[in-house]
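Protein chains: 4
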Amino acid sequence: MVIVVKGNRQDKRVNELIRWIEAKDFTVQVNEGVQKTILGVVGDTAALDIDAISTFPAVETVKRIQEPYKKANRQMHEEDTVVEVGGRKIGGGHFQVMAGPCSVESKEQVAAIADYVKRGGAGFLRGGAFKPRSSPYAFQGLKAEGIEYLLEAKKRTGLPIVTELMSVSDLPLFDKVDIIQVGARNMQNFAMLKELGKVKKPVLLKRGMSSTVEELLLSAEYIMSGGNDEVILCERGIRTFENYTRSTLDISAVPVLKKLTHLPVIVDPSHASGRAELVESLALSAIAAGADGLLIETHNNPRCALCDGAQSLDEQGFARLMEKVNKLWAFMKSLK
Amino acid sequence: MVIVVKGNRQDKRVNELIRWIEAKDFTVQVNEGVQKTILGVVGDTAALDIDAISTFPAVETVKRIQEPYKKANRQMHEEDTVVEVGGRKIGGGHFQVMAGPCSVESKEQVAAIADYVKRGGAGFLRGGAFKPRSSPYAFQGLKAEGIEYLLEAKKRTGLPIVTELMSVSDLPLFDKVDIIQVGARNMQNFAMLKELGKVKKPVLLKRGMSSTVEELLLSAEYIMSGGNDEVILCERGIRTFENYTRSTLDISAVPVLKKLTHLPVIVDPSHASGRAELVESLALSAIAAGADGLLIETHNNPRCALCDGAQSLDEQGFARLMEKVNKLWAFMKSLK
Amino acid sequence: MVIVVKGNRQDKRVNELIRWIEAKDFTVQVNEGVQKTILGVVGDTAALDIDAISTFPAVETVKRIQEPYKKANRQMHEEDTVVEVGGRKIGGGHFQVMAGPCSVESKEQVAAIADYVKRGGAGFLRGGAFKPRSSPYAFQGLKAEGIEYLLEAKKRTGLPIVTELMSVSDLPLFDKVDIIQVGARNMQNFAMLKELGKVKKPVLLKRGMSSTVEELLLSAEYIMSGGNDEVILCERGIRTFENYTRSTLDISAVPVLKKLTHLPVIVDPSHASGRAELVESLALSAIAAGADGLLIETHNNPRCALCDGAQSLDEQGFARLMEKVNKLWAFMKSLK
Amino acid sequence: MVIVVKGNRQDKRVNELIRWIEAKDFTVQVNEGVQKTILGVVGDTAALDIDAISTFPAVETVKRIQEPYKKANRQMHEEDTVVEVGGRKIGGGHFQVMAGPCSVESKEQVAAIADYVKRGGAGFLRGGAFKPRSSPYAFQGLKAEGIEYLLEAKKRTGLPIVTELMSVSDLPLFDKVDIIQVGARNMQNFAMLKELGKVKKPVLLKRGMSSTVEELLLSAEYIMSGGNDEVILCERGIRTFENYTRSTLDISAVPVLKKLTHLPVIVDPSHASGRAELVESLALSAIAAGADGLLIETHNNPRCALCDGAQSLDEQGFARLMEKVNKLWAFMKSLK
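Chains as they are written, first to last, in our numbering: chain L, 91 to 426; chain B, 91 to 426; chain P, 91 to 426; chain X, 91 to 426.
I should point out that these hints are in silico values taken from the structure, not numbers from a laboratory.
Treat each hint with caution, since some may be false.
For identical chains, the list gives no copy identity; a pair is met inside one copy or between any two copies.
[Claimed, not checked] As a list, the in silico DSSO-like pairs of lysine-lysine whose alpha-carbon atoms are at most 27 Å apart:
| hint | residue 1 | residue 2 |
| --- | --- | --- |
| 1 | 96 | 126 |
| 2 | 114 | 197 |
| 3 | 349 | 153 |
| 4 | 291 | 349 |
| 5 | 161 | 179 |
| 6 | 161 | 233 |
Isolated chain L (complex conformation) (with noise of 0.2 Å):
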């Protein structure tokens, strides 16, 4: 940590901020300019509050030079983490697609839709139980029997599940579930991180709409300081002035969270843009900028979608999609 203050060491108000820094059991080095003094703060600054820092009446600026998450930082664990799920592998070198549909609606929409996910060559069967939804007057989730009728389709067909949580309470529910989504209103839900960090599976975490990347990687922490090393991180969109799209596709977030973390990262195209004839080629960028898989949004029949239609690619879309995403994936792992 770099604080820049006013005055130089003999200054009342300095000296009293390196005593405090001090008390602290960190080394505060000095280094005084003409009319500056810059300190340098050594030691395992995570914990060090910028905030109170800023409060002493010498300070000017202060500033981070290490990251201030460490069980999710690269430099703490330089291979790749690879989660592992009924078989499948997501993460250093291994590529996932998770698709399905944003709501679960019925048992036979689920199983019809399982059945083409798992034919174009997905993954994982992802769908909406419990949906977190802008209006209390918009249609809320089948909950535990939307749980029931993705673990049948998992029955039927092999693919492991992945379904969003909204509240610590519904964890019951969850057994045997595969992975667990930690929704973009969520993120920072911390109450709710911390009980995941108690968890015995994956949790798919996806960013906020308005949070920074170092957000995104410090609500990980949380899971991971609790002891749950599994996180799969997911970019989704944040909001920006543009609003053609839903969202703005931060697609740099994936080759920086690549350099920054250990953990696998995916890509919910589907969501970001809101508009399923803009799937596709966010997809295949998704995959060229480096992504270890994809979020995507499909529905047997995407006009009766009880939400989040216009998002939605339909069986043979979603078929000439996974053709694509498998063809480039390969050849991106030959460009290597």
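Following the hints, complete the assembly by docking chains B, P and X onto the known chain L.
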């Protein structure tokens, strides 16, 4: 709801859409143009899904013309809602300042702050017992113990207390809390909002960092549709590219909310700016813009604050602020 | 400037960087840590290129600790700059309202508006002769003829005039204009800013829609470093995800700018909100935040305005606004 | 255009609006509802002012249903536009890389870079002679001398050249330049766009940092409506809250633009990210998303670059990139 479609009423695809909507008991008015046709949907369209409609192949654009929130809507409830707690009113011409430390740190700290907050003329004591922090390594609050200290300070000063809930499972601890705060990061924690709909005390709902005004009102609607009408809205800054301030206070949200809803609207200049030296200017501007109250961070010893010290006023600063706040509020009343 | 590098002073790559900076006549202070070394660069670093430094392989991060603007910097010029035009002062405790139509439409229109703008107590008449419009098919302004009408209205009322320059080649037409406005879209039209540095009249510089406060000050610096010290800054809203208002008025920019610079700061609530019904609240909040003036759009017949009618006040609305504006300004002076 | 109004056709205020629109030679279709009436305006509404309509007291909302650009619109011109310069084609299945230094620094530098850019297989040499810099104290480019050096490099290598225009008054110096670049900061410098409509050479139009896709297309329309149909669009990142990268590359803009317009679309991963280590991933993702070309910054000695060194690839990095770029482009063609 207005839907623009390709083709006219005889067109098979247009016809399919019209029948689908009518099957849901809405009336569809058809207005044929040369190339496009405009459908007007009449009825309570709050529950009608824009995304589902978008998937119909004939559809070009869909636009709501009615706000999707009802109980929060001023059109349904013309007079200002006045929330009253412990004899203190907020909204409908009544102004309140809620002040205190970001984090409760000790019994002595809360007692000292509560004393001068009361002397300054604030109506409520606020302080964080459960703290939402980006990093798992940062101080997470004193939790139950913190609520104890707040309740003791309430007994001492008579000030009702406001504190943040981070998990539904902590609700029993909030039994004697006067106003439950929902933080910006939980504004769309819908499971929590639903629970708060069943609670019999006012909720202070802070706007999410990237939430629109409409989404804030829909989150209020979650609480209200559950049966709890006492919601106080709080503008606390949104996330933008400008990084001189921590967030960008969206001052326009004040008059916009006062127009769209009957609920009280308060402003948090401390979190919005993240800088104590800006709090006074922003607090005064909020009053001039029509806010019903302020949320102010203050600390008896800002440089020791365990979090967010940079934005805290000290005792003298708070007293100076309150003097101006009270004078300006009185003046603005005379201006109407 | 603080540079964090990998390795210590003896490291070849660190050494190379130090010599490169010293060759440019700066002093480098070296502060060695365990893994990283911190370099403090002493001297006038405004011209030192952060990006060039970033390319050195040893560099981890670079951070300026001095603002890169000088003439606009309050540290270099403590007292407020007061701009005086036609006996009217702005800045340093002097407040002015500049009002008029978005577009000059006819001689009669400008005359009528100028009359009531003066009656309302505004100090300046503003109106657009050259209009920046997103679409080439929208009305582009009356150009030279529009300036003529403004000058006639000036003769009639004595109000100095403010109007926007869109091309350096039009400068000769601005000979009798009192204040030249640079619009948000041209805030970083550096060729134009340089020309305005040579002009002997005040420049009203509007903040770009996605410009930081620092970039606004650097654009002012372009004008000032060319020899023209009379720059008035204008906050007019920034672009964010919120789309209820046209832009998001960054009210914090007012106290921030007043702290960083000695230049006068005014606010344009009409363009910021794009909604006439919000202008009053935002104008009053700007005064409470410390603004030195306002830019208000008004039109004798808003529904016929050739552009931007939605945000214009009519004569009665303007008169009502001015009454409150003047009272609040007087009150705020008493509050200090 | 669809207008939602309060009241029905007989309402005086509604009637006044209808007559105002009809007086401009548009047809108005009236669709009466219970509380609200929907007006459909038929005709070429590009020139009809949404803001003027909003001012009518009866109006609730107005929405365009036709894009406001014509010549740039794919609906008016189905086949891809192919821009051809010096035998090199871009668009319509033809791909080009434009590469070179951010700033032209010396004759030797440009010659050296041009040589290896050509060897790498780029089709164009780009380099900045006039440099838009936020600070007046930063290096502003070699100007006329820089263009000389570029022209010498063109003679030497046969590569056509691309360079940025910052002021219409410099146009005579661009006589032998092959493609004129309009920078992001000048995307809405409408006076310049109009002049470029009269020029007989292609224009490379970069998207403004806070411009929507629609505004970019309207700026292209300014050039095209002036008579110059050869516009190449460039996505170069937009401004968001995320600050790990300099801008956020809006990768979705590529497929969106390819759908809305027939003009060629290229991507600038160097400026978007501001980090050399991200350029490869972003360049490849742009190709996978459907871009017609790339703008790549490269420098023979990045750490001496007078500006933007941080984002420049060196000779080896550029060669490696080009190899992958060419392979991926060939592969993507085979995928269609």
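Comparing the hints with the structure gives:
1. Proximity of residue 96 and residue 126 under a CA criterion of 27 Å is satisfied in both settings, with 5 Å inside one chain copy and 23 Å between copies.
2. In this assembly of identical chains, residue 114 and residue 197 lie within 27 Å of each other by CA distance solely across copies; the values are 22 Å between and 58 Å within a copy.
3. Within a single copy, residue 349 and residue 153 get their C-alpha atoms as close as 21 Å, and across copies as close as 22 Å, so both meet the 27 Å cut-off.
4. In the homo-oligomer, the alpha carbons of residue 291 and residue 349 lie at most 27 Å apart inside one protomer (25 Å), although the nearest pairing across protomers, at 42 Å, exceeds that limit.
5. Taking the shortest Cα distances, residue 161 and residue 179 sit within 27 Å of each other inside one copy (20 Å), while across copies they are farther apart (48 Å).
6. Only between protomers do residue 161 and residue 233 lie at most 27 Å apart by alpha-carbon distance; the minimum there is 26 Å, versus 33 Å within a single protomer.
Violated hints for the displayed structure: none, as all numbered hints are satisfied.
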